[in-house]
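Here's the letter readout for the chains.
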Amino acid sequence: MEDRALPDTETPTAYSIPMAVLAELTHRCPLQCPYCSNPVEMEQASRELSTAEWQRVMGELAALGVLQIHFSGGEPLVRKDLVDLVAHADGVGLYTNLITSAVMLTEARVAALAEAGLAHVQISVQGATAAVADRVGGFRDGHAKKVQAAEWVRAAGLALTLNAVMHRQNLHQLPEIVDMAVAMGAQRLEVAHVQYYGWALKNRAALMPSVAQLDEATRVVEQAQARLSGVLAIDYVIPDYYAVRPKTCMGGWGRQFFNISPSGKVLPCHAAETITGLRFDSVREAPLAEIWHRSEALNRYRGTAWMKEPCRSCAHAEEDFGGCRCQAFALAGDAAATDPACALSPLHAQVFALADTEAATGGDRFLYRNFSGGVPEA
Amino acid sequence: MSRAVLIPDSRVSLARHARLRFDGLRGRWMLLVPEKVMTPDDICVEILQLCDGQASIASIAATLEAKYVAPPGVIAREVLDLLQDLSDRGFLTDRQVA
Ligand code: SF4
Ligand code: SF4
Numbered sequence: 001m002e003d004r005a006l007p008d009t010e011t012p013t014a015y016s017i018p019m020a021v022l023a024e025l026t027h028r029c030p031l032q033c034p035y036c037s038n039p040v041e042m043e044q045a046s047r048e049l050s051t052a053e054w055q056r057v058m059g060e061l062a063a064l065g066v067l068q069i070h071f072s073g074g075e076p077l078v079r080k081d082l083v084d085l086v087a088h089a090d091g092v093g094l095y096t097n098l099i100t101s102a103v104m105l106t107e108a109r110v111a112a113l114a115e116a117g118l119a120h121v122q123i124s125v126q127g128a129t130a131a132v133a134d135r136v137g138g139f140r141d142g143h144a145k146k147v148q149a150a151e152w153v154r155a156a157g158l159a160l161t162l163n164a165v166m167h168r169q170n171l172h173q174l175p176e177i178v179d180m181a182v183a184m185g186a187q188r189l190e191v192a193h194v195q196y197y198g199w200a201l202k203n204r205a206a207l208m209p210s211v212a213q214l215d216e217a218t219r220v221v222e223q224a225q226a227r228l229s230g231v232l233a234i235d236y237v238i239p240d241y242y243a244v245r246p247k248t249c250m251g252g253w254g255r256q257f258f259n260i261s262p263s264g265k266v267l268p269c270h271a272a273e274t275i276t277g278l279r280f281d282s283v284r285e286a287p288l289a290e291i292w293h294r295s296e297a298l299n300r301y302r303g304t305a306w307m308k309e310p311c312r313s314c315a316h317a318e319e320d321f322g323g324c325r326c327q328a329f330a331l332a333g334d335a336a337a338t339d340p341a342c343a344l345s346p347l348h349a350q351v352f353a354l355a356d357t358e359a360a361t362g363g364d365r366f367l368y369r370n371f372s373g374g375v376p377e378a
Numbered sequence: 001m002s003r004a005v006l007i008p009d010s011r012v013s014l015a016r017h018a019r020l021r022f023d024g025l026r027g028r029w030m031l032l033v034p035e036k037v038m039t040p041d042d043i044c045v046e047i048l049q050l051c052d053g054q055a056s057i058a059s060i061a062a063t064l065e066a067k068y069v070a071p072p073g074v075i076a077r078e079v080l081d082l083l084q085d086l087s088d089r090g091f092l093t094d095r096q097v098a
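The listed protein sequences derive, respectively, from chains A and B. Residue numbers for the first sequence follow the UniProt record's numbering, so the first one is 1 and each next one is one higher. Residue numbers for the second sequence follow the UniProt record's numbering, so the first one is 1 and each next one is one higher.
Simulated from the structure, these hints should not be mistaken for lab results. The structure presented is a predicted model; accordingly, all values stated were derived computationally and were not measured. Hints are not guaranteed to be accurate.
Simulated coverage check for chain A against chain B, where a stretch passes if three residues somewhere in it have a Cβ under 8 Å from a Cβ of chain B [as the list claims (entries may be wrong)]: (1) 56 to 69; (2) 91 to 103; (3) 117 to 128.
All residues carry an ideal CB built from backbone N, CA and C; glycine is no exception.
In isolation and in its complexed conformation, chain B is listed as follows (with noise of 0.2 Å):
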C-alpha cells in the first residue's frame, strides 16, 4: 500500500467509517470516526458535504470560490491540503480513475 496523493481531479467522499452527523443536542456538526469525534469548522463541513465521490476537488473549490472572496488559488489550496490531511488519517475514499 502507499499513500494516496490527491489531485484536483481526484473525486473524493466521506469513507464508511467516517460519518458527517448533525447533533441537534450539542447543535453543530460532528465528523464520526474509529475511536474518536471530531468537530469540524463551517468551512470544513460545506466541503465535505461536497464530497459526493462525483465531484473534483477542482469542482468543489470552484463552487466555493463563487462564494467566498479570497485571493486567486488560496481556496483551491486550502481545500486540497484539508483533504490531503483527511485522506492520510484514511477518512477518504478516492473515486480517482488512474
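For reference, chain A alone in the conformation it holds in the complex (with noise of 0.2 Å):
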C-alpha cells in the first residue's frame, strides 16, 4: 500500500537513529518449519538472556531512540516472562509487537499480554488447511490451535496480522489462506515467499516455487488486494531468485534496525550469523548504544562505501543498499557482492537458472529444523 498521506521520510545514507528492533528471545520453539529463519546452530536456554537482562536492554533501547520491540523468536511464548518483558517494554515507551506460532497461546495469557499493554500480534500460518499447514510446521493440530488462538486474540480487542510464509508446498492454498485471515478479522495479511538462508537454503529443492506458481501467486495477490481494499491490507514480498531488483534488505545493513539474538548478539539482521568472519558485539559485553556506534560487523556494510562494481557506480545504491549481504554471501562467496538477486549482477541468470530447475527436480521431502542439525521429514 502506497504511503500517501504519510509519507516516510527520513532517508540519511549511512545510518540513524534505530527504528525498531527484533528480540530474539529464544531459538525453543515447538513448531520444525523447515524454512525457520532461525540459525542452523541455534543458541541453547541456558545462554538466554535473564529476564532482568532483558529489562536492562530495553532501557537502553528507549534511551537510544528505538520505537519499537518485536518479541519473537524461536516462540516468544515459550518464555515464562513474556508478560513481564512485555509490560516493561511498554513501560519504557516501546511499541510492542508478538511475532508467534500462537500454538502456545491460552486465553489467559493473551488477556494478560492485552493487560500489559501489547499494541500488535502476529501469528504465522504454514498452510490454509491442517493437512498442509500441520505438514509444514511439523507439529499436531497447530492449525487448529491457530485459528483458535486468533480469535481470542481479536476478542481481546487486539490487533492481529496473519504471516504466512509461501513455497511450492503451499503456494496452492494462496486463495484459502487470504479468505482465512478475512474470516478471522485480520487487519493485514502478509504474503511472504520463503528467504533462502539457513534452513531455507538447505530445503531449497524442496520449496523453491516454478515461475509459473509465482505468477499465479502475485494474479491472487493483486485481485485480493483491489477485492479487499479497506478490508484487509495485504503485503506481498516476492521470491528474490526470481526478482529484477534486490529488495533493500532490513532497510540498509545497520541503518534502522537491529535483532538482538537469545544469548544478546546484536546483529543487522537475523540472518546475518550466517556470513562467516563477522564478529558479533553482545549486550552482555558493552553498553548498546556503543554498540550500534562502534560495531565492527554493523560498520562494515554501512553505508554504500564497502561496494564493489556494480553496485558503487548505480543510481540505485543509495535505495537498495546493493540487496542483502547474507544472499551475495550464500551465493557468490563474498558479502561485498551484489546481491545475485539483482539483474546487474554476473550471478543473476545463473541464480534464476538453478531456481527455476529445482522448482521442476526437485524432491518433496523437508529436512525439518531441530536443535540437532535438522531431521528429515519420515
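Make one complex out of these two single chains by using the hints.
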C-alpha cells in the first residue's frame, strides 16, 4: 500500500537512530518449519538473556531512540516471563508487537498480554488446512490451535496480522489463506515467499516455486488487494531468485533496524550469522549505544562506501544498498558482492536457472529444524 | 467484514495498535503502527489529536476552518480523505452509531 497521506521520510544514507528491534527471546519452538529463519546452530536455553538482562536492554533501547520492539524467536511464548517483558517494554515507552506461531497461546495469556500493553499480534500460518499446515510446521494439531488463538486475540481487542510464508508445498492454498485472514478478522496479511538462508537454504529444492506458480500467486494477491481494499491490507514479498531488483534488505545494513539474539548478540538482521568471519558484539559485554555506533560488524556494510561494481557506480545504490549481504555471501561467496537477486549481478542468470531447475526437479521431502542439525521428514 | 466508509458524522479515534507519540530525540511526532513507523506532518498530527472518538469529523474540520484560511469545503474534504485513508489501513476505530 502506498504512503500517500503519511510519507516515510528520513532517509539518511549511512545510518541513523534505529527505529525498531527484533528481540529474539529464544530459539526454542514447538514447531519445526523447514524454512525457519533461526540459524542452523541454534542457541541453547542456558545461554538466553535473563529477565533482568532484557529489562536493562529495553531501557537502553528506549534511551537510544528505538520506538518498536518485536518479540520473536523461536517461539517467544516459550519464555515464562513474556508478559513481564511486554509490560516492561510498554513501561519504557516501546511499541510492542508479538510475533508468534500461537500454538502455545491460551485465553488467559492473551488477556494478560493485552493487560500488559501489547499493541499488536502477528501469527504465522503454514497453510490453509490442517493437512498442509501441520505437515509444513511438523506439529500435529498446530493449525487448529492457531485458528482458536486468533479468535482469542480478536476477542481481546488486539489487532492481528497473519503471516503466511509461501513456497512450492503450500502456494496452491493462497486463495484460501486470504479468505482465512478475512474470516479471522485480521487487519493485515503478509504473503512472504521464503528467503533462502539457513534452514531454508538446506530445504531450497523442496521449497522453490516455479515461475508459473509465482505468477499465479502474484495474480491472486493483486486481485485480493483490489477486492479487499479497506478490509484487509496485504503485503507481498516476492521471491528473490525471480526478482529483477533486489529487496532493500532491512532498509540497509545496520541503518535503522537490528536484532538481538537469545544470548544477546546484536545482529544487523536475523540471518547475519550465516556470514562467516564477522564478529557480533553482545549486550552482555557493552552498552547498546556503544555497540550501535561502534560494532565492527554493523559498520562493515553500512552506507555505500564498501560497495564493489556494479553497485558502486549504480544509481540505485542508495535505494537498495546493494540488496542482501547474507544472500550475496550465500550465492556469490562474498558478502560485499552485488546481491545475485539483482539483474545486474553477473550471477543473476545462473541463480534464476538454478531456481527454475529446482522447482521442476527438486524432491518434496523436508529437513525439519531442530537443535541437532535437522531431522528428515518420514 | 466490509470497508468502513467514513462520513462527516463519524466519530473516530486511533486504534489501540496505532500510537501517536512525540519523539524527543528526533524532535517530531511519530505514528507507530504494526511493522512500521510513520512520520505524520503537522496538520495530520493536529487532526489526529482531535480524533478522540467524541468529536465528529465535521466538527474537527470546523475547528481547523476557524484556524486556517482555505477555500470553502477544502479543509473538510482533506480531513475526510486523510481519515478515510487511515481507516482503510485499519488504524482508526469508528464510534459512529449506525
Ligand atoms: S519459523 Fe516455524 S520453527 Fe521457526 S520459530 Fe517460527 S514457528 Fe518456530
Ligand atoms: S547493481 Fe547494486 S545498487 Fe544497483 S540495483 Fe543492483 S544491487 Fe542495487
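Status of each hint after checking the structure:
1. Coverage of the segment 56 to 69 of chain A by chain B holds in this model, with 3 residues showing a Cβ closer than 8 Å to a Cβ of that chain against a need of three.
2. With 3 residues having a Cβ less than 8 Å from any Cβ of chain B, the segment 91 to 103 of chain A passes the three-residue criterion, so the hint holds.
3. Against chain B, the segment 117 to 128 of chain A contributes 3 residues with a C-beta closer than 8 Å to a partner C-beta. That satisfies the three-residue criterion, and the hint holds.
Every hint, counting from the list given before, is met by this structure.
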